[in-house]
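Trainee: What follows is the residue order along each chain.
2 protein chains.
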Amino acid sequence: MGKNLLIAQSGGPSPVINSSLRGVVEAARAFPEKIGKIYAGYHGIEGVLKEELLDLSCQREEEIALLRNTPAAGAIGTCRYKVKAKQLEDFDRIVEVLRAHDIGYFLYNGGNDSMDTANKVAILARQRGLDVVGVGVPKTIDNDVGDSEFKLIDHTPGYGSVARYWQMIVQNAEEENRGSSPADPVLVLQAMGRKIGYIPAAARLADPKRETPLLIFLAEGKLTLEAMAERVNEEVKSRGRAVVVLSEGCDVGDLGLVKDSFGHASFGASQTTAQQALVNYLNTHGIAAKGAARGQVFGTDQRATAIYASTVDLDEAYRVGQKAVLLAVNGENGFMSTILREPGMIYQVRYDKAPLELVANSERTFPEAWITPDKADVTDAFLDYVRPLVGEDFPNVPVVNGRQRFAKLEPVFAEKKLPAYIPQADRK
Amino acid sequence: MGKNLLIAQSGGPSPVINSSLRGVVEAARAFPEKIGKIYAGYHGIEGVLKEELLDLSCQREEEIALLRNTPAAGAIGTCRYKVKAKQLEDFDRIVEVLRAHDIGYFLYNGGNDSMDTANKVAILARQRGLDVVGVGVPKTIDNDVGDSEFKLIDHTPGYGSVARYWQMIVQNAEEENRGSSPADPVLVLQAMGRKIGYIPAAARLADPKRETPLLIFLAEGKLTLEAMAERVNEEVKSRGRAVVVLSEGCDVGDLGLVKDSFGHASFGASQTTAQQALVNYLNTHGIAAKGAARGQVFGTDQRATAIYASTVDLDEAYRVGQKAVLLAVNGENGFMSTILREPGMIYQVRYDKAPLELVANSERTFPEAWITPDKADVTDAFLDYVRPLVGEDFPNVPVVNGRQRFAKLEPVFAEKKLPAYIPQADRK
Chain A
19 MGKNLLIAQS GGPSPVINSS LRGVVEAARA FPEKIGKIYA GYHGIEGVLK EELLDLSCQR
79 EEEIALLRNT PAAGAIGTCR YKVKAKQLED FDRIVEVLRA HDIGYFLYNG GNDSMDTANK
139 VAILARQRGL DVVGVGVPKT IDNDVGDSEF KLIDHTPGYG SVARYWQMIV QNAEEENRGS
199 SPADPVLVLQ AMGRKIGYIP AAARLADPKR ETPLLIFLAE GKLTLEAMAE RVNEEVKSRG
259 RAVVVLSEGC DVGDLGLVKD SFGHASFGAS QTTAQQALVN YLNTHGIAAK GAARGQVFGT
319 DQRATAIYAS TVDLDEAYRV GQKAVLLAVN GENGFMSTIL REPGMIYQVR YDKAPLELVA
379 NSERTFPEAW ITPDKADVTD AFLDYVRPLV GEDFPNVPVV NGRQRFAKLE PVFAEKKLPA
439 YIPQADRK
Chain B
19 MGKNLLIAQS GGPSPVINSS LRGVVEAARA FPEKIGKIYA GYHGIEGVLK EELLDLSCQR
79 EEEIALLRNT PAAGAIGTCR YKVKAKQLED FDRIVEVLRA HDIGYFLYNG GNDSMDTANK
139 VAILARQRGL DVVGVGVPKT IDNDVGDSEF KLIDHTPGYG SVARYWQMIV QNAEEENRGS
199 SPADPVLVLQ AMGRKIGYIP AAARLADPKR ETPLLIFLAE GKLTLEAMAE RVNEEVKSRG
259 RAVVVLSEGC DVGDLGLVKD SFGHASFGAS QTTAQQALVN YLNTHGIAAK GAARGQVFGT
319 DQRATAIYAS TVDLDEAYRV GQKAVLLAVN GENGFMSTIL REPGMIYQVR YDKAPLELVA
379 NSERTFPEAW ITPDKADVTD AFLDYVRPLV GEDFPNVPVV NGRQRFAKLE PVFAEKKLPA
439 YIPQADRK
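If you read the protein sequences in the order shown, they are chains A and B. The opening position of the first sequence corresponds to residue 19 in our numbering, with each subsequent residue numbered one higher. The opening position of the second sequence corresponds to residue 19 in our numbering, with each subsequent residue numbered one higher.
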């Protein structure tokens, strides 16, 4: 019987994060001599710190298979807890938990920060004499992991599905806008991705031949509120209407953070949004009538939707999970499993490894050459990049009694062996 | 060769409005001796006033069939133009257009107001000596057409699909919220339906056995902001988290309409929303940490989404369209085609007629008995009513080259025969 495996997730979920989890579990079950129990840190690294380890070994095969079409992180949970470099006590605790539960494989699913944490945990554990292999599993809807030359990773699992979400949403919005014009000629849709524009850029997939009045504003385009409004007004003038997709990170000036009576910002969200600012501006400075612009801020639904998941993304996320286990059982400590695209017309990827340290210290930006000179669209080169990632057909989301049938894991936890612990940042 | 048929749509669209249109076109094509050309008022009654009549007779059979899974009103357009009783010139113009294009059948798809308009047009046309049959086709996502005893209509086409949208969205949101707690324990989702709570009520379909911390606040429940927040805080205290669905019409106090320098309200939408008000309140008065509540306002996507359309709703919308044509060719002037539910366990409907005048003057409210005493949920009796409407499987939305394949109608219009006309309300 081999050592046990522990996987944890970090940060915002994706529609395919559970597909990677399934890949990990099913691959781990294929090595009964090397891998003993399979545990999940319940709600990420916080669950590891609290020694809340969900037992995945005992889960029914069918429920593990159903993880494929189960979106978001409801199965094993995620967290926003960041183990900071200075929180040595937290790192010590993680190593204690690894030791107490005979963990030989530590897998961490997340973005750049998580790759850094996975790396540090593995280094520390080995310094303390534990034989632990630390491996990263990439995930983020923003596609901001890795470098801009795509050498470390071509694209992150999760991105293809959110790209498909925007493709579909904008196709629907075009029907809505065309039908409801001229009464409601402008529809402004705000997409996630504060720092990087891959998500709003994917809206172009809805209309790759540019047959509809679709405008796409990335934060990287750096248009002012006035310039964006002018462009929308031009579109309304020439084509009668416009569907606008803009990044939540577009700089539209003060978003009006409100402070409460204690002087603290009174809510996590800003009082207004880039979408609202643009809609308001259009309704006061637009060529169309007042109230002619309306908008919507898309929220967590874009990272939690089962039916818009890309089948390509679902498959790749699964294989990236499998690959992480292969790296682990081969003792490849300090690597992230990765997706690299083969050159040429035929879309083909291979699953490889990238050093965690390089990934942790890398930064991806949206290539400037993929933004059109007028900053209101993305180029065909971007379409060539993104098109294969969204796949062809809708996934087969199982439906039982009219409802989506998502995986249900049994709440079976490893027996606690250590004293209780409050994660450092949670102490008051 | 019979007289021509004219159909127009009014108000906000639905995911199945085109399914009714398909029913109308295909049924009309079955009576070549009674019905000549089939025209659509392009963008509703405004298109009729402007004599912009889209020719549906010449459209390819396949494109008409594709209307089934094409959401919203992009095919023939809708409008918000209301022909007011006093705008006699508009009514005169409509009759002129009907006469000029030899219209014998006038079909109007919409809600209560549209049924009133259809009735008035038919009465006036006959007074002027035209042999026109006026028939209504019911549509609204709000399910607010007809009376509360369901004698005129059991439910409106469009509602079942939006109900399914909320069923699916809330299932996804549950995965998101469960996975992202305790970091983000409260997720507030705002649904459409300002005056009537059928849409938010449908969220209960996501969890009919009440296994998850789902709270539903209808405007009809009349809870104050404080009372809603208290209920959410209780849920967070007892179950650690909450998914909250609330109606856009919930009374949360001043929504902060901003006025511009001219003293006019500067945008159609209010500055804030019921969702934002509740989220802000929770983040300042909640038991969870600041920023622990987040929310999203769902917009036009709920009435423009192809993949969440209910197959039952799609079928019924089609048949209601067919029925309207049958009423028309039988000379049943002044009726709306309607859906009535047979009593008993087995869900079964029959397609019948309801007098336009009764429908126009009726008002539906959400039955008080379907709201639970604590005003934070709906009852099983409501679930019994709504469950059959959302159907079982996902519809088969055709996908071509990765994109949803929606109907594309050729822009072929009837030759204009009258002088140009500016609709009365559009004059300056």
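Please keep in mind that the hints were generated in silico from the structure rather than gathered at the bench. Predicted model, so just to flag it, every value in this text is computed and none were measured. Mixed in with the good hints, there may be bad ones.
The list cannot tell twin chains apart, which means a pair is met if one copy fits it or any two copies do.
[What the hints assert, rightly or not] In silico DSS-like pairs for lysine-lysine, Cα to Cα no more than 30 Å straight-line:
1) LYS255 with LYS435
2) LYS227 with LYS435
3) LYS393 with LYS240
4) LYS102 with LYS434
5) LYS240 with LYS102
Trainee: Could you run down the list of hints and mark each one as holding or not?
Mentor: These are the hints, each one checked on the structure:
no., hint, verdict
1, LYS255 with LYS435, "between (69 Å within a copy, 28 Å between copies)"
2, LYS227 with LYS435, "neither (60 Å within a copy, 36 Å between copies)"
3, LYS393 with LYS240, "within (8 Å within a copy, 47 Å between copies)"
4, LYS102 with LYS434, "within (25 Å within a copy, 73 Å between copies)"
5, LYS240 with LYS102, "neither (32 Å within a copy, 46 Å between copies)"
Going down the numbered hints, you'll see the structure goes against 2, 5, while the others check out.
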